[in-house]
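Asker: Which chain is which? The protein sequence lines are H and S, in order.
Just so you know, we're using UniProt numbering here: the first sequence kicks off at 1 and counts up by one.
Just so you know, we're using UniProt numbering here: the second sequence kicks off at 1 and counts up by one.
Be a bit skeptical, because a hint or two may be false.
[Stated by the list, open to error] Cβ-to-Cβ under 7 Å is the rule here; a few derived chain H residues that face chain S: (1) A47; (2) R130; (3) I134.
[As the list claims (entries may be wrong)] Under the rule of at most 27 Å between Cα atoms (straight-line distance), these lysine-lysine pairs were calculated in the DSS-like manner: (4) K243/H - K278/H; (5) K145/S - K265/S; (6) K271/H - K281/H; (7) K265/S - K278/S; (8) K145/S - K9/H; (9) K145/H - K9/H; (10) K136/H - K278/S; (11) K281/S - K136/H; (12) K265/S - K136/H; (13) K3/H - K278/S; (14) K3/H - K265/S.
No lab work stands behind these hints: they were computed from the structure.
Just so it is clear, CB atoms sit at the ideal spot from N, CA and C, and this is done for glycine as well.
2 protein chains.
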Amino acid sequence: MSKSNNVYKDAYNRCLRLLDETRSLPSEPELGTLLGVSRTTVRSILARMEETGLIAWNKRSKMVLRAPRPDDFFPEEETDTLAEIIERSFMRRLLAGGAEAGMQINELELAREIGVGTTSVREFLIRFSRFGLIEKRRNSHWVLKGFTRAFALELTEIREMFELRSAAAFAALPEESPVWADLDRLEDEHRLLAREIATRFNEFSELDERFHRLIHRASHNRFIVDFYDVIAMIFHYHYQWNKAQERERNEVAVAEHLVYIAALKSRDLGKVDAACRKHLKSARNTLLTSIPEAGSRSAPEARRA
Amino acid sequence: MSKSNNVYKDAYNRCLRLLDETRSLPSEPELGTLLGVSRTTVRSILARMEETGLIAWNKRSKMVLRAPRPDDFFPEEETDTLAEIIERSFMRRLLAGGAEAGMQINELELAREIGVGTTSVREFLIRFSRFGLIEKRRNSHWVLKGFTRAFALELTEIREMFELRSAAAFAALPEESPVWADLDRLEDEHRLLAREIATRFNEFSELDERFHRLIHRASHNRFIVDFYDVIAMIFHYHYQWNKAQERERNEVAVAEHLVYIAALKSRDLGKVDAACRKHLKSARNTLLTSIPEAGSRSAPEARRA
DNA sequence: ATAATGTCTTTTATCGTGAAAAAACATTTT
DNA sequence: AAAATGTTTTTTCACGATAAAAGACATTAT
């Protein structure tokens with residue numbers, strides 16, 4: 001089966017949406033950058049659009065003939081990356097209970113179960129290993145370390161260290177820096193969301209990530225910025241998994257973000273520190289309460305103030 | 001060619017060294033744990049040792065017949081992991097000049113040049129990416145970010161954050177903790193090395209790593225512990241690359257370590273902090289001076305084609 | 001009964017292969 | 001000339017296949 005053409009299919013779908021807005025498509029290189037694919041893929045897309053009567057294509061002219069219909073689109077599930085498919089399968093197994101710490105992970109079995117080659121699974125596991133949830137035994141299987149309380153504490157410890165530093169760096173940024181405009185825009189989005197929290201509370205997760213990433217970027221440190229991938233990943237699945245009091249939690253978080261933003265804008269390091277600490281503390285508690293305390297776990301050592 | 005039997009060869013060589021010490025070898029499972037390989041591999045080793053007349057093997061009895069000769073050993077280079085081979089090749093290219101930031105890395109070309117399959121190179125690059133020196137362009141090449149001054153500063157920033165915290169945690173460890181005995185042993189090794197620094201200065205690098213890893217482990221945080229891999233990797237190649245004033249640098253570092261150790265043993269957090277800061281500062285400077293300042297390309301490097 | 005050895009099965013590590021996608025080169029159009 | 005289109009080459013991604021290594025099961029020795 002070699003390789004699926006999901007890049008093409010996904011770009012095709014996105015290109016269809018462009019069709020609604022114009023009477024004719026731009027040049028091939030332009031479309032390429034717009035869709036984030038190579039010209040080779042652009043040409044495949046155009047070829048199919050011509051075939052299905054969506055456009056009339058002759059050299060530079062790419063006239064739109066009709067609006068796309070729902071059945072013009074490729075099915076959603078065919079546009080996913082293999083890596084995404086594997087990650088989802090893997091996380092479902094991991095979170096859907098029965099994933100005890102110490103359990104071993106079998107590449108071949110995983111590959112068979114998901115219906116993909118072993119190479120892709122291996123590469124996924126290697127990439128995934130940086131999240132600290134699995135570990136490789138040389139020439140042998142992987143070991144699951146478990147989504148435990150200890151894990152959450154270690155993760156949040158680093159997060160707090162990094163974010164406090166980033167927030168301080170952020171507040172010290174000069175007036176001319178474009179980040180202040182970004183922050184203003186995010187603040188508006190927060191206010192809007194706060195007003196309509198009753199119905200839009202599930203949109204918070206995405207806003208949350210953008211906000212924290214903006215702050216982390218102020219550190220100008222690749223290790224800090226990259227570490228947010230770990231946090232984002234954990235919180236992404238955590239949000240999907242733990243829906244208890246989601247509305248209330250998000251409402252509180254939005255309010256905390258607004259205080260945090262005000263502190264940043266004040267440039268008062270003391271205020272920034274306090275607002276950041278407060279928010280991170282409640283984020284940590286949210287995460288911790290979602291983790292079932294394993295009764296038989298040996299020495300869940302109390303650590304860290 | 002599939003897979004090289006380097007595990008077997010390496011274990012065989014290590015097993016040969018065992019032969020010098022005993023008149024007969026232990027049971028198969030025991031040998032397995034001793035050499036860190038499976039019984040399957042142990043049996044292959046025993047089979048060959050019998051063939052070459054090194055031992056007489058009959059069920060439980062494995063009598064040593066003669067001492068191993070130099071030509072009994074497999075050549076060193078055949079005992080390396082593919083991953084090690086690839087890493088070395090890659091780092092040589094990276095450090096041997098001509099590795100400008102922004103340059104693109106070609107999996108296929110690398111694989112051909114090293115003489116291995118692309119899969120192994122891909123897996124290596126994925127693993128290597130956590131060091132923050134390369135970055136992947138989706139569906140396309142990798143980009144070299146370069147071993148720059150910025151990289152060194154970002155790396156050391158995190159290192160300092162992590163080590164200060166770990167050192168404080170270390171000093172707070174209870175009297176009964178076994179780490180104090182480990183520290184005592186390391187202190188002795190340091191004193192010994194200090195006395196013979198003139199001839200043994202090149203042994204410092206290994207001692208340095210063990211010392212810092214011991215401290216980082218006190219954090220009880222997998223992210224902190226794992227991050228030391230990045231530092232160790234960089235320093236490992238840095239030591240190989242920059243031999244300028246190696247003896248003097250190591251002499252200073254050993255002295256700093258001894259002060260650091262004394263501070264830890266005193267449990268005085270102020271002293272620990274000061275000693276740690278001082279040592280990390282000189283470590284940073286050492287690293288920084290070894291990085292050629294971008295722009296001044298005056299150095300007539302012998303570039304590999 | 002326990003622990004070793006002997007035998008058989010499964011998994012991991014690595015390669016070559018081929019389609020998808022990118023990139024490079026050549027030609028035309030504005 | 002610059003920028004597009006047309007064409008060809010190269011690289012990435014993912015697979016199945018196979019030897020090395022690990023692991024499981026069966027048998028024998030203490």
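Asker: Indicate, hint by hint, whether the structure satisfies it.
Answerer: So, going through the hints one by one against the coordinates:
Here the hint on A47/H is broken, as its CB sits about 20 Å from the closest CB of chain S, past 7 Å. Here the hint on R130/H is kept, as its CB sits about 5 Å from the closest CB of chain S, short of 7 Å. The interface hint given for I134/H is violated, since its Cβ lies 11 Å from the closest Cβ of chain S, which is over the 7 Å cut-off. For the hint pairing K243/H with K278/H, the CA-to-CA distance comes to about 22 Å; that is within 27 Å, so the pair holds.
This hinted pair does not check out: K145/S and K265/S have alpha carbons roughly 41 Å apart, beyond 27 Å. Distance hint between K271/H and K281/H is fulfilled; the C-alpha atoms sit about 15 Å from each other, no more than 27 Å. Taking the CA atoms of K265/S and K278/S, the gap is about 17 Å. The hint holds against a cut of 27 Å. For the suggested pair K145/S and K9/H, the alpha carbons sit about 31 Å apart, so the restraint of at most 27 Å is broken.
Distance restraint check for K145/H and K9/H: the Cα-Cα separation of roughly 37 Å exceeds the 27 Å cut-off, and the hinted pair is therefore not satisfied. The straight-line distance between the Cα atoms of K136/H and K278/S is roughly 36 Å, outside the 27 Å bound, and the hint therefore fails. Only pairs whose Cα atoms come within 27 Å are accepted, and K281/S paired with K136/H is rejected, the gap being roughly 34 Å. The suggested pairing of K265/S with K136/H is violated, with an alpha-carbon distance near 35 Å, which exceeds 27 Å.
Distance restraint check for K3/H and K278/S: the Cα-Cα separation of roughly 54 Å exceeds the 27 Å cut-off, and the hinted pair is therefore not satisfied. Annotation: proposed proximity of K3/H to K265/S is violated, straight-line Cα distance about 59 Å (limit 27 Å).
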